[in-house]
Amino acid sequence: MTDASAKAPRRPGEPALAALGLSAPALDAADASPHTFPGGGRWRTEIPSCEGPEALAVALKEASRLDVPIHRVSQGSGVWMLTDAEITDMVEATAERDIELCLFTGPRGTWDIGGSTRTDSGGAGLRARGHDAVAGCVEDALRATELGVKCLLVADEGVLWTLHRARAAGLLPADTTLKVSALVGPVNPASYAVYERLGADSVNVPSDLTLAHLTEIRRVSAAPMDMYIEAPDDLGGYVRMYEVAELIRRGAPLYLKFGLAKAPGIYPYGHQMRELTLATAKERVRRGRLALDLLARHGADGDMAPLGSRLPGDLHRFETPS
14 MTDASAKAPR RPGEPALAAL GLSAPALDAA DASPHTFPGG GRWRTEIPSC
64 EGPEALAVAL KEASRLDVPI HRVSQGSGVW MLTDAEITDM VEATAERDIE
114 LCLFTGPRGT WDIGGSTRTD SGGAGLRARG HDAVAGCVED ALRATELGVK
164 CLLVADEGVL WTLHRARAAG LLPADTTLKV SALVGPVNPA SYAVYERLGA
214 DSVNVPSDLT LAHLTEIRRV SAAPMDMYIE APDDLGGYVR MYEVAELIRR
264 GAPLYLKFGL AKAPGIYPYG HQMRELTLAT AKERVRRGRL ALDLLARHGA
314 DGDMAPLGSR LPGDLHRFET PS
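Last residue of the sequence shown: number 335 in the working numbering, and the count goes up by one each step with no gaps.
Heads up, a few of these hints could be off.
Claimed, not checked - Below 30 Å or equal to it, Euclidean Cα-Cα: the simulated DSS-like pairs (lysine-lysine) are:
1. K74 x K275
2. K74 x K163
3. K295 x K275
4. K74 x K295
5. K163 x K295
Since the hints were made in silico from the structure, they are not lab data.
Based on the sequences and whatever the hints tell you, model everything.
Shown next as C-alpha cells:
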C-alpha cells in the first residue's frame, strides 16, 4: 500500500465490504460542498448546553483531558438565566482559550403563557410572542454583548432581522455573530437562504435532513451550517456519528455539534439540575472525542478550521432600511 492510498479517506467498513463484493456506489464529486470557512477549513466543533460557568468549566476540563478541540460553546437556557458575574466568568474562560461563546436570547414561545405551543400542532413554537418578547430578546442581546459575549442564539426570524439591523446600525458590535437555533432550523434550500439574508452567520439545521438535502442547501448558500451529530431526544435523538465524514463533505462549512440522546432536558437550567447538567456536559465532550476518533480512523480528520476562528465570511444579506 502506498503512502497516498494509506492516507486517502475511506468509508466505514469499505475494505472488508469490497472483499465480499458489497462495495458501496462511488461517491459523486458533484455532491460535495465547494465551500470552506474563511481562513480555511471545512469543519469546526461546538459543545452545546453549557448552562453556566460550572458546566463550562467541566466541559473545558474534559476537553483538555481528552484532547478535543473546541471552536464554540453554546448555552440554551438564555441570557436572562445568568447573572452578570456568571456571564463574565464564561466570557473570560472562553476568551482565555480563544473559544467562541454563544448565549441564547430572550423569551420564547414554548415558555410563554400562550397555550398554542402545547397543542398537538405545536402552535408557533419558540418564536417570540408579541412586541415585549422581541424587546426581551433585544435587551438580552445588548446586555450580553456589553459583557463581552460575541455570539447570540436566536429562535425567531423577526428577532434575527432586528438584531442584524441593530448590528448594522452599530447598536451591537460589528463582529457579533448570530446563530439560528436548531429548534427553528430550516429544512429546505429556499428557507436556508432566507435565514442567511436575514442576518444569520450560522444556521442549525434539523439533524434528520438527508445527505441530499445538505447538497441542495449548499447549491444556494455558503453560510456556515450547524448540525447535531448526536441530537437530544427533544430534537429526535438521532445519532449520525458514522456519517460524520460525509456530512462534512456535503455540508461544509459545518459545525459538528456534540449533543446527547437519552438524557433529560435541562432548559431552563437551575441548581436543582446541577448534577445532571455537569454529567451531561462532560459526556458531550466525550461524544466529541468518539466522533473525532472515527474521522481519524477513516482518514477524514483533515481540513479542520484553525482553532480560534469564528467569523463566517462574506454572506448575502437583505438590504437594511436606513
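Hint check against the structure, violated hint numbers in rising order: Checked against the structure, no hint fails, so every one of them is satisfied.
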